[in-house]
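Given the coordinates of chain A, work out where chains B, C and D should sit on it, guided by the hints.
Protein chains in written order, with our numbering: chain A, 1 to 364; chain B, 1001 to 1364; chain C, 2001 to 2364; chain D, 3001 to 3364.
Keep in mind the hints are simulated off the structure, nothing from the lab.
Positions of the beta carbon are idealized from the N, C-alpha and C atoms, including for glycine.
A couple of the hints might just be wrong.
Said to hold, decoys possible - Covered by chain A, according to a simulated footprint, are these stretches of chain B (three or more residues, beta-carbon under 8 Å):
(1) 1157-1171
(2) 1175-1183
(3) 1281-1288
Stated by the list, open to error - Calculated cross-link-like contacts (lysine-lysine; reagent style PhoX-like; alpha-carbon spacing at most 20 Å):
(4) A:60 <-> D:3230
(5) D:3060 <-> B:1060
(6) D:3060 <-> A:230
(7) B:1060 <-> C:2230
There are 4 protein chains.
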Amino acid sequence: MSKRMKICINTGGGDAPGLNAVIEAVTMAAHNRQWEVYGIRSGYAGLLNTDEIIPLTPEKVDGIASIGGTILGTTNKGNPFMMPVANAAGEIEQRDLSDRVMENFRRLRFDALVAVGGDGSLEIAHRFAAKGMPVVGVPKTIDNDMGGTVITFGFDTAVSIATEAIDRLHSTAKSHDRVMVVEVMGRNAGFIALNSGISGNADVILIPEIPFDIDRVCDKLMDNELHGRKYAIVVVAEGAVPKGGGVVVKEGATGGRQHVVLGGIAEHVAGEITRRTGKDSRSLVLGHLQRGGSPTTFDRLLSLRFGAAAVRAIEEGRFDHMVALQSPDIVLVPLAEALQITKRVRPDGDTVQTGRDLGICFGD
Amino acid sequence: MSKRMKICINTGGGDAPGLNAVIEAVTMAAHNRQWEVYGIRSGYAGLLNTDEIIPLTPEKVDGIASIGGTILGTTNKGNPFMMPVANAAGEIEQRDLSDRVMENFRRLRFDALVAVGGDGSLEIAHRFAAKGMPVVGVPKTIDNDMGGTVITFGFDTAVSIATEAIDRLHSTAKSHDRVMVVEVMGRNAGFIALNSGISGNADVILIPEIPFDIDRVCDKLMDNELHGRKYAIVVVAEGAVPKGGGVVVKEGATGGRQHVVLGGIAEHVAGEITRRTGKDSRSLVLGHLQRGGSPTTFDRLLSLRFGAAAVRAIEEGRFDHMVALQSPDIVLVPLAEALQITKRVRPDGDTVQTGRDLGICFGD
Amino acid sequence: MSKRMKICINTGGGDAPGLNAVIEAVTMAAHNRQWEVYGIRSGYAGLLNTDEIIPLTPEKVDGIASIGGTILGTTNKGNPFMMPVANAAGEIEQRDLSDRVMENFRRLRFDALVAVGGDGSLEIAHRFAAKGMPVVGVPKTIDNDMGGTVITFGFDTAVSIATEAIDRLHSTAKSHDRVMVVEVMGRNAGFIALNSGISGNADVILIPEIPFDIDRVCDKLMDNELHGRKYAIVVVAEGAVPKGGGVVVKEGATGGRQHVVLGGIAEHVAGEITRRTGKDSRSLVLGHLQRGGSPTTFDRLLSLRFGAAAVRAIEEGRFDHMVALQSPDIVLVPLAEALQITKRVRPDGDTVQTGRDLGICFGD
Amino acid sequence: MSKRMKICINTGGGDAPGLNAVIEAVTMAAHNRQWEVYGIRSGYAGLLNTDEIIPLTPEKVDGIASIGGTILGTTNKGNPFMMPVANAAGEIEQRDLSDRVMENFRRLRFDALVAVGGDGSLEIAHRFAAKGMPVVGVPKTIDNDMGGTVITFGFDTAVSIATEAIDRLHSTAKSHDRVMVVEVMGRNAGFIALNSGISGNADVILIPEIPFDIDRVCDKLMDNELHGRKYAIVVVAEGAVPKGGGVVVKEGATGGRQHVVLGGIAEHVAGEITRRTGKDSRSLVLGHLQRGGSPTTFDRLLSLRFGAAAVRAIEEGRFDHMVALQSPDIVLVPLAEALQITKRVRPDGDTVQTGRDLGICFGD
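The following block holds chain A by itself, in its conformation from the complex (with noise of 0.2 Å):
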């Protein structure tokens, strides 16, 4: 019979819609092979102290698959290789107390951590698996943009709080004659913008990886008015940027050229259009709409897998790997692979095609 082990995980950075599949599958799994599993709170700096850790039983994970949120917090304290401390003189210095926390995991006879957490979270993982701690990573990222797996959990939420937010305010730009600008999340990685704009039946989608110039955009609306639609919803990743930065730049400290833009892009964007067109536009921001609440039941199966396969994974011994989706199925790939590569969308991809087929402008 194989060991009884005993396992812990944490998660780091944002919120997510299917954090607490992931810690019900993890707890689940464990429990019906007799391991023990701890939930650390306060991510990796949670291991530097006792009190941040407590035991997860079937009990506690119990229907939280469908709940938003975290019952484990995602306060972070901090990079344990950069930790921020304050010394004798109660200054504020950066320590690599990476040490201690190896020593308090083998102290506390853990065999293994789950990781759940982004790019940032995943390379730390990565870090202190090359220290010698058996470590399996599961993928987060409400944006995207993480490489190795065909998509994480929280995007497909995303998608569908902001389709329907953009289903919401088509019936009251029409009746307004309105342009309606909508900022949603992606910094780099305009899949949000892409895919809610297409479902949601947007006119114009910008997203980081296709610069928009305001004119073809303002071109759009226009031809849109002459064939008689006079309203517009124009969705904007809130990473997306103008070409040739000609619109509002600034010379930055390490004088580079930066664009600025004051109230966010879609704030930028609603008052070009206007200024340009005579139309009355307005702009609104989903924020953090987007990454609270109740999963899909999209993200809560895909979450309720990467959990049961991490599980399985340290089963097997395969550390220093993450769990990702490459569909149908749930795959474990190297930490060092998966973290090498950046997810952005290919402007030549069927999707933004797809876009184009339904006469959406790119502002390219």
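Chains B, C and D only, in chain A's frame:
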């Protein structure tokens, strides 16, 4: 057998979930009496231009009750009693075109008008009634501030959308020990903030009817922190005002004093909370999300009942009235009477009291 | 200063969305008055066994208002006035244990009970009140058939779920030119069928208050077909009955005549429609789907208002009453009075009339 | 410049959420290439009768992606290779009308057909391709049992609806210590039961791919009871079968042995559970609820991508293929190849393993 009537319907002002259901019910109830029914686009002004008048048939309205927006549009070309018209010199003048509206109404041989709108539109309806137009009103206000009726359609949907948004914000606010300030609709009346705040388990609700002291709000947040609840949800109506007006004031053009809150009340409140407590605070404005999209089941039914009741009122010749809910019945209220009442949240009513019983702070 | 009270709450009968919200409001309103509050499992019988009594704290009820079910369970071990008990011979006898309940209530030093339940539970509450127990009732019925209150919690959720189901059935019925017969709850009162049928654009609604003639139903379906609408949605309350009882009858034990409908009324109606019109008909019973799960925003708020009002009633010493909605206010109604009224759909009320105006057939 | 094409689209078989989105994307992608596009009602047979062919325009498809059903109807008048036709004597004969379909297709000068359907419809498409019709397939199956594609549209919606139903049943099952047996779609493949059962926190999942032993199911329920969980949710695919067939057998007409389950498998399972364990068990058949209504965001996007890809396939002249998802890309798969694969749940796949890890019983 009763006369074969020929009626029309217009809708005025902003979007409200349920408008299509009113149109469906009016159309079907008229159709089933073998009446003719027409929809008028562009509010009352549509009566000046037959291009804006379309026949309504069972086919056109089949299934629209569950769809947001309105098939008639809410673009309102103005009040016929003070219509902006260009004179010979190209200047815009306000002219009273109400007689031409009356003339056209008769010329088209309409027997009655169903006017769906807020107090502005119903005020106009009442004036036309005085001129002899057989008109029945259907009250419409998202904010629920109209008199004579327990509730109007669109309000339940707005409260539901706001509550769902607040639900989603809980998990992310909690994950990050953050104060989220959510601004909802309600310029003069705080019903949406009150109902969604209570339903959504808010910590603080700020409404126009109860001027707030920002210090009381901060006291509440710090008390919560002492009891281990580090995050908070603050729901604020767009028309909420600080007590005494001491926070941000500016001499207005009329010599009076006026609160000037840049960026909206939510941003102001979030800023003050951060300044006074050091807590990480963010603001979010729900805006148009609250007034678009599919109506809730409650609003569908109420709208259908309103529409059918309006047709029965025409049948009975009870003009210059509006339909109203006096639970559980739909009744008719004279427009003159309904227009004199403005409904506001009663600070001593049982709903506010429920909030206080639950421990919610109203800033007073 | 007022006395520090010690109160308890029980819930009886079936599940109803909003039960947890009532419990949350009672707990918080008591807690904010520095009272102690306890939850009793297993209905009144829980008072016979201290194992069934648990302290309720703000932590335990935080956020439960939006969650379905009840943290207390609704398992009801029976009516203490006729409790089934095994005697020495192992036979089940019914005994009156109400005095023991009273005794225990006093011994535990409770000052008041909040009894949440349907007419059965509130009848018992009223009998205990007569024995001197300070009790306040909170009415609960999915079917909306309780007197003294415009509406009870859970009903809006049930109507919403049924309407959403009907919405979904439209597209598939239409695609296949099929008659879908949907059975919804309502043994004595047809409110759920009526409201969901109108909101869901049904063709036929059959309720207990309007005995139906299957021929009238078939006439309607064939008329529709002549007008090009080949599919149909029939919503039937579980307690709907054929007119005259001519369809399926059987001599009952009491010598009376009784309808016996095998497989439920929906299956019966679907069968008759197929037999008489040759149309492809299917039946679907929504059953328990209607009474579980998250409450709508409307039900959350109503439940919270009911719970808080019950605590205020205790504070004011107004026992032997139940809280009730008389829109827009929550009021107190003597239990004796409320228990004498059974609410049923009024066939001449405006909601049925709305259905008729829309062209819906009621089978009469 | 490329030729101005004239294409048509038909849809076959049952309803599936996403059909309208496919139609919208095909229409818009064709329109934006200046092509003409027509919709064919009544499946392939519509090509025999020009009354069944309607022009599709941007106005007709605007916003339909989010609406359930199909604007073309799915009434299928049959397989043109074996069309039921009345002969002179009034008897129904099956005739091969495929040549007439081909002739009409050419006479109407269509350049290509987009055939949306399940394996039956795509089999016919493949046969027409062999006769020289330029056809591109779009796979459609709620059950997700079609080969060549990771997933088809409608499946995510069906799983979501089933999961939401299961969520609602939890609270009422729990309140009454009851076993709820829910029957979901899946005659040959258990994907809906598997995914909704895991997402919905079921205790038992029974699928066609894993024959079940009712004793194992009862063991699980009694084990749960010993651990304090008295209620249970059993999700059963309509095609689930008992192991060995020992439970209910009957000599069939062909002399073979056949399971005969009256009232559906859910009712059978519920009955057996009650008989063997004495637990209160109820069954519920979700039926048509799963295949109607609005598609999820996931299904909207997938359907739009499928539709647009079908038009691109026509542009590239890649006929006798179907569009397929090979995540994250849409690809083209030869129909001949796709039609040979039937997809079923892999009992050793990671999703079933996730279920086992969570403690779910599969009855084996």
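Open item on the list: Hint compliance check: list the failing hint numbers for this structure, sorted ascending.
Closed with: Structure breaks no hint.
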